[in-house]
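A.B. asks: Residue numbering for the sequence shown follows this note's numbering, starting at 38 and increasing by one per position.
The set of hints was computed from the structure by calculation and includes no laboratory data.
Among the hints, erroneous ones may be present.
[Stated by the list, open to error] Below, simulated BS3-like cross-link-like pairs (lysine-lysine); rule was C-alpha separation at most 27 Å, straight line:
id, residue 1, residue 2
1, Lys223, Lys268
2, Lys190, Lys223
3, Lys268, Lys190
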Amino acid sequence: MPWQDHDAVTPAEQTAALPVARGNESDAEASVIDAPADDRALDLTLDLIHAAPPPPLGAERLSPEAAATLAAIPPELRAGAEPETEGDILPPGIAHIDRTMLAEKGMLVPGAPIGALAEEFRLVKRQLLLNARTIAAGPLGDRARTILVGSGKPGDGKTFCAINLAISLAAERDVEVVLVDGDFAKPDVMASLGLSDSTGFLDILGDPTIDPEECIVRTDVPQLSLLPAGKRTHADTELLASARTSDIIDRLLAANPDRLIVFDTPPALAASPASVLALLVGQVMLVVRADRTTEADVREAVNLLDGCERISLVLNSVSYEPGGGRFGSYYGQEK
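Based on the sequences and whatever the hints tell you, model everything.
C.D. replies: Shown next as structure tokens:
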């Protein structure tokens, strides 16, 4: 089944899902990557996802869609907003995600009007959820509820995609999502959401007395929780390769049968933890940047992550001709 996923950040760039070239089934835009000649369940399908925009220097740098999203954020959810009533005060232990920061970064904003980016990630998550059902029927069982998001090299947009995927999945009615920052060298998940780092994944790996559930950060986005990277160590890969990692994942999954775990991991060609973690997850979503990531890099990244038998590609930062994209023009019109 073709996997269709997309992310749109700017009107000029939109996304579309295309199967990777397989024999005569190739598409002109998909033929840049051929399916590896092996018999693994390698789901090489391209999803054309928009790249994250450059860090904004002010409101004038926002794309039209991001500006519209920012304007639609309720005042009580903006950065620095004070609760208007006692009922608006967050319960103890609940972290506030900075919606303004999300909008400025061109990311999905929980509770904002549905736009092109939201629709693109609806397609992404739908195929992932379908994949999970298939995987769950096999020997991996509950590990079907784990997804590794990675890339070949830095700058391909894997953290952008991981955060948006987690937010989109959390909008489902029957799931709970835990987004784990597994990029130990350059953790960015918490900062991207306007939150501070705290005890996290590496700390749990190194100390068997720590309960994983006690380190999970609950947020004010319904059904979305976070697990920070934790304190850095030079033994991160060795800790991941220990039996403790598998035990932690099993405990996190057992805590809630409706829980999905999304791992943001370091680039496979830049650091080794991703290849180790790939051995323990149900599926991998490999982010590929258009006009930047080479075929050789894709093949090498796939080989490094082949401990997971279900690998799908997401093609990021694809530009369309004006009016040639999906969703954007539809949501930009009113009857």
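A.B. asks: Give a verdict on every hint.
C.D. replies: Tested hints:
1. A distance of roughly 11 Å separates the Cα atoms of Lys223 and Lys268; the hinted pair therefore holds under the 27 Å criterion.
2. About 13 Å separates the Cα atoms of Lys190 and Lys223, which keeps this hinted pair within 27 Å; it holds.
3. Note on Lys268 and Lys190: the hinted pairing holds, with a Cα-Cα distance of about 23 Å set against a maximum of 27 Å.
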